[in-house]
Structure formats: C-alpha cells, structure tokens
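Colleague: In order, the protein sequences belong to chains A and B.
Using the numbering used here, read the first sequence as starting at 258 and increasing by one per residue.
Using the numbering used here, read the second sequence as starting at 500 and increasing by one per residue.
It cannot be assumed that every hint is accurate.
To be verified - Chain B is faced by these chain A residues, among others (derived, beta-carbon under 10 Å):
#1 Ser278
#2 Ile279
#3 Glu304
#4 Lys797
Claimed, not checked - Subject to a maximum C-alpha distance of 20 Å in a straight line, what follows is the list of computed DMTMM-like cross-link-like pairs (lysine to aspartate or glutamate):
#5 A:Lys796 to A:Glu672
#6 A:Lys347 to B:Glu725
#7 B:Lys800 to A:Asp639
#8 A:Lys482 to B:Glu765
#9 B:Lys806 to A:Asp267
#10 A:Lys272 to B:Glu725
#11 A:Lys272 to B:Glu641
#12 A:Lys518 to A:Asp547
#13 B:Lys644 to A:Asp267
#14 A:Lys268 to B:Glu725
#15 A:Lys374 to A:Asp663
#16 A:Lys712 to A:Asp585
#17 A:Lys651 to A:Asp639
#18 A:Lys305 to B:Glu725
#19 A:Lys268 to B:Glu641
#20 A:Lys667 to A:Glu710
To be clear, the hints were calculated from the coordinates, so they are not data collected in a lab.
For clarity, every value in this text was computed on a predicted model and none was experimentally measured.
Even glycine gets a Cβ: it sits at the ideal position worked out from N, Cα and C.
Single-letter residue listing:
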Amino acid sequence: MKSISQRNLDKTISKRFFLLSIFKGGVVGAIGWRFFDLQMIENRRYEKLSDNNQFNYHMIAPERGRILDRKMRLLAGNMDGFSLVLNWNKNINVELIIKNILSVINIDQKDLNNFYKEINSNNNDFAKEILITKNLSQKDVSKLAVRSIEFPEVSFLMTKKRFYPQGIIAGHITGYIGPYSEKNTKTKIKPNTSWLEVGKSGLEKFFDKELRGKFGRKRNEVTSKGHIVASQIYENTISGNDIQVSLDMGLQAFAVERFEKGNNALVSIKNENIKKQIEKTKNINFINNDYVYKDKKNRIVNPESGSLIVMDIENGELICCLSSPGYDPNIFSNDLDVNVWNNLKNNSRAPLLNRSMSGVYPPGSTIKMAVALAALENGIIDYNTKFFCDGAKKLGESTFHCWAKDGHGKLNLIEAIEQSCDVYFYELGLKVGIDKIALMMKRLGLGQYYNVEIKNMSKGVVPNIEWKLKRDGLQWSMGETLNASIGQGYLLTTPLQLTTMIARIANGKFSVTPTLMVNKNKNRFKDLNINPQHIDFIKKSMERVVKGNNGTAKKYQIGSKKVEMAGKTGTVQVVRISEAEREKGLIKNEDRPWKRRDHALFVGYAPASKPKYAITVVVEHGGSGSSTAAPIARDIFKYIFKV
Amino acid sequence: MNYKPNKFYEESFGTLFFSKLYKLNFLIIISLILLGLVGVASLYSAAGGNWDPWATNHLIRLIFGIFLMFILAFLPHKIFFKLSVLSFFIGVLSLILVKFVGTGNVQRWITLGGMNFQPSEAMKIALILILARYFDHVSRIELDKLKSYILPLFLIFLPGILVISQPDLGTGLTIILLGLAILFFVGISMKFVILCFIILASSVPFIWKQLYDYQKDRILVFLNPELDSLGSGYQIIQSKIAIGSGGIFGKGYLLGSQSRLNYLPEKHTDFIFTLISEELGFLGSIFIILIFCILIISIMKISFRVKSLFSKIVAFGIGFLFFLYLSLNVGMVCGLLPVVGAPLPLISYGGTSLLTVLIGVGIVLSINIHDKEIV
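Chain A extracted, bound-state conformation:
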C-alpha cells in the first residue's frame, strides 16, 4: 500500500468525499422529512386507518321500549330471537361457509339473498359482521352450536324481535317497524348493523326516538386475517322508554269484533254449504280461517270497513280507535313477504289506511248540530222557529230533497234534529250562510289537525266562500250552502274530527282535543265559548234522536235506566241520485253493489244525563246510519257501561 500524499490524490478524493457526503446528507434528510410528514403531519389520517384496521365497531341495538294500554296491557313488546352473523373479512370463502351451514340448517332464501347483497355491496376491505339471518330457531342454534368448531367464522347474536300480542286489533295505532334506511328517518345515526329497525308508522314512528333508546357500541379487535382477538363493550346501550297509551284493549278488541260484524251473521267456514258458497264468491278477505260473515240475504260478505272511535269527553283520551280492515303489524317484524305486502297495498279496501285519522268522509246529517248551533249562536232562530217540509226544497232550477219523500210537515228545531229533516236545515243554511256555518264547524273541531301522536292525519274540508274562490276561482252558490247544511258537498271530515265535535258538544264548556296518551291533557282546554243553554238544547235534541217517538235511532236505545245514549245518525250518499232514478223509486241499499251503497254514520255520547264518552261510528257503504251505525254504537256503550 502506498501513501496517498505521494500520489497527490488528496484534492480529488476530498472533493468527491465532500460531494458524496452532501448526497448522503440529502438522502437522510429526505428520509427524515418523510417520517416527519408521515408521523407528524399526516398522523391523524394514518391513525384513523390504523384504527380501522385494528378495530371494527358494531352498533348494539338497545331494547326497544314497550307500548302499553291504559291498563298496562302489552300492545308492543320484544321477543328473544337468535341471529346468525358472519364475521366477514376479505380472506374467507363465503360460498363455502354458507354451503357448509346450509348442510346443517335451513336458511330462508330471502335472507340469503339479502346476505349476498350485503356482501356484494361491501365497498371496503375492513373486517366486519354481516347478518346472515335473524330467524334462527332454538333448534337451529343448538344444531350449529354443537358443530361450532367447523364454523369459526360465524357467531350467534341474541336479538330482540318486535311483536304485537294484540295482532290486528290495534295495528293502525301501534304501527310497525322496519329496516332502517336513510331516506325515511330523520335521525342522523349511521349504524353499520344490517338489522337496525325503526318505527315506520303509527306510535312506533311517532315515538321512535323515545322507544329506541340509545345505541351502544361493541368494539372488536381483529387481526389481518379477520380473527377477533378481543371484544369489549365500548358504549353501553340504554333501553328505550315504555309508552302508555290511552286505549283500552278490552274495549278495542270488543269493538273490532262488533264493528266487523255489522248487521251480518257469523257462520262457520266448516259448513259444507258455506264452503261451496265461498268458492263462488270473489274478493273475500277472510278475517280468520274459521268464520265468515253472511248478510241478511245469505251472501258471504267481507267484514265491515270503516272506523270507530270512543273518546273521553273530559280529557280527550281516545279509549278506542279502530280502523277496519286492519293489518297485523307482526308481519313486518319478520322479513316482510313481497306477496303479503302487495296484497296489503293493492287490497281494494286499503287495510293500511288508518281511517280514524286519515280517512275523510262527508259527515252527512251528523253535522246538523253544528248548523243548528251556528243558527242559534247567531240569533237567527230561536228554539221554536218552525219550517215546513214537504219533502223537497226548490232553489232556482234545482230541487233539494229531504230523505223523507213525503216530507215532515211543520216542525221546530228539536223535531228537525230528532227526525233529521233535511228541508229544515236547507232553510236554516240559507238563513245563516256558509261562512257562519263554517266558523261554527271549525269551533267544534272540524277542518283542522290535532296534536295527536300519530302522523299522517287528514285535515278534511270545511268549505266557505273564500275557500271556494281560492280553490276554483268561482263564486259560492246557494245550492252549495244547502248541500253543506246536510253534511254533503264539499264538506269532508275524519272520524276523529267528528268525535271531537261530539265531545265538545257533550262537554259543553271546553274545546276538548283528542290524544292517545294517558294523563297528557292535565291542563284545561280552551273555552268553547258557546252559550250553555244552546248546548243543552242541542243535547236535548240529540237525546230525542234515540229516545223520541220519531227518533232516527229510537230502535237502538240502550234501554237501561242508568245509562242512555244520545246521538245523531247520518247517511251519506256516495253516488248522485238523478231525478230519473228518483222517479223510478230508489233501489234499496242492500241491492246496490257495495261500492254504491251509502255510508252509515252515527255520532253520540253517553250517558245522556251526565256525558262521559263520545263515540263516532263510520261504516263505509254500510247502508243507513240508523240501521247499521247506531246499533254498533249502542253495543259499544253497553260494553263500556256494562249494562
């Protein structure tokens, strides 16, 4: 080896040494900067990614609150159920696992389809739990549990399944629950569980937040291969609150049975003749598999449809609120079958419609108390004012008929209500004018929404001059006043509004509003502001409807010394009757096709002497108010007062 100095290389080497040192310094500097960038500047982002690797979080659904009736009977509760869950990660062979599971237990094809949909829509690589089915029987669980070693990727979950022990009886009130989807919920929770359920209608929807409680979170620590190393509760769940509603399920159940029957008879389906008859009849909805209804002409008929509401006139609590035909909310707790859903949706009688609150009907003669009160309050008539009814009222070119073809003769207000004379109210309407009638109707609760715990109410229509001008740009005509005076024409009300109207008349002092909650209306209602004498007079005339010799509902007295009901019948034409038809003589209701029959209405309250409950019965295409609706109301009151 020779010494460098001899070679005079010092200069070159020093230069190169220096250049290479700069290069090395640059490289190390770049690495240092890179680490600074990764670990200091972008730390948050990578921390999140690392967290995503390390943990997966699962929402734990809290136990949903129960819905109870006024006597603490269960309307909606939870049942234990078992779910099968796949601990998915990108390394497992889903097809094979499912195939193996299917060799042990059966899984509904629909569940499998949903499962594969979930698998395919999986847009990231992070391990997570995916629901296979939630309809696992105890037997399936034990079958799988025995061989759990073969299925390390699946696990069981105890879940709660919503159930409604009352079934069809209060379906419209409780509503139902369904899978969460972003578009139909206002809440901002974003669960990654595929089995979260939220209220979709009725009380379940209205009180969804209270019933749902607070979600907990479970945190699993997973390896890159998807094995769960540790699992812990990250956030505790808080169970939902129970909701107590004002309904009396005993009454509700009785009312459903009584209402569906109407004036028809119950016959066993096992009877051979009936069987043959059923085969011939089309469009029959079976209430259950044992009985069908048979009308007076021995035809197999559907259960009556319509609505029945009973309301406490003191506090506005609804103790019975039915809409027929109903539906069983339990079908939504299992995965809803498409056929069942389509049947519900396309059924001509619209079982999903809550007629009590969303159904609108012309009130017919049941509105006459409001017209009378408008006249009395405005001082247009007194108790003794009489009009003459000869069966029709001519106005200009057109003739307005009374339901009694030959007329009622000369009668006063109390007799006009008792006999439901139309001509009397035509005269009254003309004298009072539509605007004043409309004001009174609104004061009595028509044409408005209430603060009831169920959404999707209808507002109904209380027409007046301005309303028509706004809607059609047309002048109000006198004929329309006449129609409105007997509850036809533009006038539309919901059964709930009619019940409220009757409750306010029966109460006499306060503007009662309806509620489904117990003890909600502790504060006094607003004053009704109607002369009590007038109210008493109207109430007396409503008593005469049931008790009077000529009363339209006199056949349906309760007949008890303690309790009698008061009320008003209403029969609503659904098809216009032409003069020609009238000449030929009217076809009886039961001879018309169902859709063309009149609606039967009855509004009333009981006990007549000391009112406690208001009632509305609306039987769609039920014939006449006096023959179909009134007996139902009577039987309901008989049940309530146990007489």
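Using the hints, position chain B against chain A.
Modeller: Here is chain B on its own, set in the frame of chain A:
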C-alpha cells in the same frame, strides 16, 4: 485522536494490546451495540413479547459477531489487503455455487454447517476489499484513463448481475451501487459519470424487459401502491399506516396494533423499522436514524483521516455500505423507494447481514488502529 505513538509501549505484546485497545473507536462500538440491542428489543416485540423465535437468536448472533469484530479489529489491516483477492474469488465462486446448491425458493442461501449463509451479503465486503486493493496499485496518471476502470467495472458487475439473477434485485443493486460509489470516490472522471447516466437512462426499457414479473410489479406498485392494495401494494400501504399512526411518541413498546395484529408482513426482517416507528413514534425513528448517522459519520471520519488509499477506500466503502443499507431499507418501508428486499443491518433478523456489517466494522476498526503501520 491525539495519540502519539510511544516507542516504549511498542516493546512487548501486552503493551501492544493495550495500545490497540486504546486506539479503538468506542463511539462506533457503542453505536453498534446500541443498534444491536434495539434489534433484540424490536424482535422481542415482533414476536408479541416473546424471546422466541427471534430475539434470543439475534442476541446470540450479535454477541458472536461482536466477538468476531474485535478479533478482526486487532488483526493488522495488511491481512485484509492480502486476503482481498482470495475472498473475492471465494465470493464469486459461492455465488455461482448457490445457483446449483442454493436453498430457499429464490436460491440465495448456502447451508454451511447447519447455518444458512447468504454469499451475496459477504460479497459486499469482498468487493470493497478488491476494489481498494486494485486502486491502491493504480498510479495517479492512469486513474484519469478510462481503461483503468474496465477491470473494476467487471469486478462490480460480475457479482452484481450474479446476485440480481438469483433473483435478488435489492442486494444486487446494493452491490452495484456500492462499487460505483467507490469508483466515483477514487476520482473517475465526471464526464464518464455523466455519460454513464445517459447510457443507463437510455437502457431503462431494455432493463425493464429483463426484469421478472414480480420485480416489475413491485416497481409499478411502488409508483402507485393503490394499484394493488391487497397484493403487492398491501405491504407498503400497511407499512405507511403503521408508521403514520405512530405519531410523535408512538403507540408504546409492545403496543403497536399494526404489528401485533399481523398487518405488517415481514415485520421481523425487512419491515422491522416500521414496527419501531409504530411503537416508538417519530422520536424513536429519528433516534435510530441518528445512531446510524453517528456510525456512518464516525466511519467516514476514519476514511477521511487515514493515509493509505487502500484504507481510505475500505473505510469509505464500509461507511457507504451502511448508508446504502439504511437508506434502501428505511426508504423502502416509508414508501420512498420500491420494495426491494433490503434488511436493516443490526436490527433485522438474519445472520448474514449482521455478520457482514460486523466484519466490515471490524476491518474499519483494524484500519483505524493499524493505518500508521507500513503495509
């Protein structure tokens, strides 16, 4: 070092030994041991808090290697000068041999007495030695002539290409880069360097064709890891996540979730620095890089100070080898360089690279002690 040789101390063997001990560069030794122990601790963590299967072995190899290093340090450096040609030939022979008797699916190892030995690692030292010896004999005038570089280029590319064809792109490139750096260091003309760059750049398409598919993949995925986030890009993505999530102080020793839950592939070998970064954070990473820098700078200082060209080139080469190891490995795990299978010396699990750097440092220490002696 202000040590002035004193004739009195050079009399007996005992005094000779102590004078040599005194001349040892302790900064280098302390850095080495520190890095080795960091390796042991990291491997303990990589095994989920277990001495088995890596940490114990690593510790044993470390002790053995340091012992070997001290032996080399006390040997006069002329031995290395004399052995350089022989070691190179043995190295090349074993590289050829590994083609036939190599174990492992990529023919990198030779099994010697129950120990797996990777000739390509040892080749690095042999290359440094033979280049140093060659240039030590070339006169100043001839250094300006390009023909003086024909033999060194052959000496560089022979083992380089042999290793790349194993195939082991990372080690092969390290060998070639190391050799070229030495040529640059001794003063190859700048014009030639620039010319070479141009030739290299224009031959990229040709080289690309020669690469194996998995090597092409690695480069493509390096340019865009998201291209294959589950396949070959997976490593680098997970590695970056681990490093980035470490933050300034790290997740804590033994607490790295990415490594603990097996998101890091090769966490005990090539990607061990990722584990350190995740658990000890930015400060830990920088601390280790700093120790490496101290090591490299200390070796470079020796190279700068020694008088003979042979010693200068050897010390430079070994210092540069450290630099290459560090920058390739760390650059790779943080996504600055493609994944080319480069270990982090002293820390990564694997005997050959550990032994290689310890032998290298042993030689440097020997040079530091004996340089004043006439070869």
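Colleague: For a quick check of understanding: which of the numbered hints are violated here, in increasing order?
Modeller: The structure breaks hints 2, 4, 7, 10, 14, 15, 17 and 20; every other hint is satisfied.
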